[in-house]
Amino acid sequence: MSANNPAPDKPGNGLYLVAFCCANSSSKATELSKAVFEVEGVTIRLVTLACSSKLEILHVLRALETGADGVGLWTCPAKACKFGRGSIRAGKRIERARRILDQIGLESKRVFLAELNPDDEKDLDEALKQTAAEMTKLGKSPLKT
Amino acid sequence: MIVAKAKDINEIADKLAGYGKILVAGCATCVAECMAGGEKETAITASALRMALKLRGNQAEVNEITAERQCEWELIEEIATQVNEAEIVVSLACGVGVACMSERFEPKPIIPGVNTVFLGHREKAGLWMERCAACGDCTVDRTGGICPVARCAKSLQNGPCGGSNDGKCEIDPDVDCAWHLIIERLKAMGKLENLKENTPPKNWATSRDGGPRKVVIEDVEE
Ligand code: SF4
Ligand code: SF4
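For the record, the sequence lines run as chains A and B. Counted the way my numbering counts, the first sequence spans residues 1 to 145. Counted the way my numbering counts, the second sequence spans residues 1001 to 1222.
Some hints here could point you the wrong way.
Here are the computed lysine to aspartate or glutamate pairs in the EDC-like style, where the Cα-Cα straight-line distance is at most 16 Å [said to hold, decoys possible]: (1) Lys1054/B with Glu65/A; (2) Lys1124/B with Glu1033/B; (3) Lys1054/B with Asp102/A.
Here chain B is said to cover these stretches of chain A; the calculated rule only asks that three of the stretch's residues, wherever they fall, bring their Cβ under 8 Å from a Cβ of chain B [what the hints assert, rightly or not]: (4) 60-69; (5) 102-115.
Just some of the chain A residues that point at chain B, by a computed CB distance under 10 Å [claimed, not checked]: (6) Glu56; (7) Ala97; (8) Leu138; (9) Gly139; (10) Leu143.
Source of the hints: derived by calculation from the structure; they are not laboratory data. None of the values given here were measured: they were computed from a predicted structure. Glycine is no exception: its CB is placed at the ideal position from the N, C-alpha and C atoms.
Construct the entire structure; sequences and hints are all you get.
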């Protein structure tokens, strides 16, 4: 993964993932904030948040509605959250977003949630690679067909 | 305040078949407070509906707006343009809002996007509890401010029943027995003697059993 390997700014025809990441969980993520790059053929837009609990359900829905094939949130481990309950709260929001997707018949597994060990750069690389692989298995969002 | 709960998006989407221009209308008062139909929930519902309809092959336009209140004629008027432009409105207000909007914009269909559940309050973040059933004859002076109509599963006027167990109601071990709470409150108030007096059967004519109710204040009525 490299920000020097930029992908087009628009999702285009390929798979597109919007990846939200807590700024405290990865300094690399902070460096890459707002960057658009490609991992294993998946275009990724990385957006860092001051805390993962800043993620709103609407962010997840709007990303999927406007062309993302998947949305991911990477939080700090619950016990490491700088703001106490941020990761837990963020996890619950993801659960609710997934419930809404289940209701409308859009696969909720298109919403990824995982923890990153703060400042373990390999973790972010690995997480994105793994998610890209899962996205490839899932294919395009049915909203795009 | 009036407490409501979001409906399943699919249930709403089912009712939108055949419509091309849909408005999701939120209400910024009670339903915003209980996080069922305020501005944020309106945006969530509209986004989810756009996706739900698209997945069903329906390319309808779904817009969103939030009124300050949908139960006041003047405030409804502020969203009249958007309502008039829509073929159907999904109202995220309580049932009162849906009723007022339906009356104001007849014959436009205004359908409920939330279930109105009770009169209550926010006990803590994320938890709302029923506290009053609007019976029309308030007697909580006898029960230390705890309503036996709304909080006792049997609405007993003299309690507790034989099912009260360790302070919990027999319907569910997670539900407080209202009469246990009443006794504890009266103890704390030094008013346990209130319970020596038998409360006669309640006259439910002032509640829903007496039919639809109204309140008139003559010196204000036009
Ligand atoms: S007694 Fe009637 S009016 Fe008073 S709190 Fe209970 S339900 Fe509401
Ligand atoms: S256990 Fe208490 S709250 Fe439940 S029905 Fe009996 S008196 Fe009412």
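Evaluated hints:
1. Lys1054/B with Glu65/A: holds, 10 Å
2. Lys1124/B with Glu1033/B: holds, 12 Å
3. Lys1054/B with Asp102/A: The given pair, whose Cα atoms are some 15 Å apart, holds under the 16 Å limit.
4. 60-69: holds (count 4)
5. 102-115: holds (count 4)
6. Glu56: Nearest chain B Cβ about 7 Å off; hint holds.
7. Ala97: At 9 Å from the nearest chain B Cβ, Ala97/A passes the 10 Å test, so the hint holds.
8. Leu138: violated, 15 Å
9. Gly139: Not OK, violated: Gly139/A not within 10 Å of chain B, min 15 Å.
10. Leu143: Since the shortest Cβ distance to chain B is 6 Å, the answer is holds.
Hint compliance for this structure: hints 8 and 9 are not met, and every other hint is.
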